[in-house]
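Peer 1: Chains as they are written, first to last, in the numbering used here: chain A, 37 to 368; chain B, 37 to 368.
A portion of the hints provided could be inaccurate.
One copy or two, either will do: identical chains are not told apart, so a pair holds if it fits within one copy or between any two.
Simulated crosslink set (DSSO-like; lysine-lysine; CA at most 27 Å straight-line) [stated by the list, open to error]:
(1) Lys311 with Lys358
(2) Lys86 with Lys287
(3) Lys82 with Lys347
(4) Lys347 with Lys71
If you're looking for bench data, these hints aren't it; they were derived computationally from the structure.
In case you want the letters, here they are:
2 protein chains.
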Amino acid sequence: MTDLNKMVETLIAGDRRVLARAITLVESSREDHRKSAVALISLLEKKSQKQAIRIGLSGTPGVGKSTFIEVFGSFLTDCGLSVAVLAVDPSSARSGGSILGDKTRMTLLARNPAAFIRPSPSQTHLGGVARRTRETVAICEAAGFDVILIETVGVGQSETIVSEICDIFTLLLAPAGGDELQGVKRGIMELADLILINKADGDLKDQATRTCADYSGALRLLRKRAQDPEGFPKAMTISALEKDGISDAWKVISDLVSWRQESGHFELNRSEQSKFWLHEDIRYQLLSILDKDPIKTDLLEIAEEVASGKKNLALAANEILKEISIKKGELG
Amino acid sequence: MTDLNKMVETLIAGDRRVLARAITLVESSREDHRKSAVALISLLEKKSQKQAIRIGLSGTPGVGKSTFIEVFGSFLTDCGLSVAVLAVDPSSARSGGSILGDKTRMTLLARNPAAFIRPSPSQTHLGGVARRTRETVAICEAAGFDVILIETVGVGQSETIVSEICDIFTLLLAPAGGDELQGVKRGIMELADLILINKADGDLKDQATRTCADYSGALRLLRKRAQDPEGFPKAMTISALEKDGISDAWKVISDLVSWRQESGHFELNRSEQSKFWLHEDIRYQLLSILDKDPIKTDLLEIAEEVASGKKNLALAANEILKEISIKKGELG
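Go ahead and model the full structure; you've got the sequences and the hints to work with.
Peer 2: This is how it looks when you write it as structure tokens:
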């Protein structure tokens, strides 16, 4: 525990080497590391009162996400703010190489002393990715960062995870022709506080303006949320390449944050997120007993029988449920 | 079991009184009723090969849902098809009176011998509502109905439930002015196969056409799904009042059904739905131990401590998880 206390002190003092070590601890699946990680975060929460602005950023490959983060991150550090960039990529376990990828695709920011980039670790379970990201955010917040950018690639449910961790959710899109399918995953548009149409430069400028109008229209068709002031969610054009609209985007984000802080929605959202993750963590760990043999194998087999109509659903469910047993203290 | 065998025979023969009794059995929470219900459905599945077209219909109050169901249902029975109308309304437990409501708001269809209307029972748990609706659909399908309309009011997660039960999901909307918020719940548009803009009559006709164009545009911005032929999801105008566009809507629906049947997506979707519900049922019943005291009360208390920042999330989760115990055979 003395070790942890020291770690907390140097972390809050801004030591980047300790920050990286703390995150590695959080990412570890070893049981003793896990215990230390929980203790560390619990200590950090007691010691640090600092609140960062947590911005979620989603966008499919090709929309210019790396360029945007480089330019947006550098803009923020020029304003005197410190920035941490985290990635949520449940697919990196399969594709591999994202650790090298992250640092080489944001070379400017990687060398910037006011910025910190942490790539996504290889993890297959979404529950694990969620916990790791949440805890890394907590550590970066305690370490004093002003802005935490949480980037995701638009695979599966990673957007939902990010939206339940961040204060502001941003969607980055490329300009598209009038009738062209933009490929926005169903369900992502609804999470966005701000849609940024990138590449509003050169030949694509007009197209970006039209795409922006399309999304503004689509956003108006959705129900207004309590945590939104007039005019939100909003769509706007930017050009990361020409550094155009970057300060405007930051103004929109910080205005929205101020509005939510004053109206109480900012704190309310964080409280709701904490409750959500408490329930999710408990559910996730309770449900994890379904992933263990012999139940896992039985469930796979019985699911095929139900799908093909050979077995009744309710009877099949009962067969599996009857097998389950948990001893007090076994979980947790 | 002899009783159940007789019930199955008369049910498949088309006895409406027995149909109503079977549904009541499925809705009961008494343990012996539950056992009979499971046995009944298992028997029905073995005896009946009939497949209905299951159409989900969502729309907020005021869009003309009752009028549409009356007119659409009557159109189908005029075509020689039998129709069952089921309602999914998790809120009816609170608002009350929906049992009377359903039959009085669709007086024509209620007297139609080729139609069967079953209002939503009072149930608070979404898991219960989902199971009851799924099983009622199975019974109606075995009873030989050609089309099953599953109506929902757009409260909470009821649309997700309906979309995982039906073959085609339809969203009914009213015309809206250009900039007016339509109040479509985020996440519902993404479920729709077909958006029907109702009230395309009289003064509202032009407005309905414009609203339809808006939604067509918004739908084009979403990613194409494998189970959709060219041009889907689709938006179109109708007038339930003037019985305009009703046969067109049916043509669009039955063409989509044919396309999916021929491409294999229809069966694939049903298989996936079965698997989904098997896992959901098992998860729901496993997680239900969190709703029992003392865990329930402890969880409520600890969630407030986490929300206010008094307690660390991971430590709180572990405290709850350590309490959990399940004996083999206790569930199911």
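Peer 1: Hints numbered earlier in the text: which of these fail when held up against the supplied structure?
Peer 2: none
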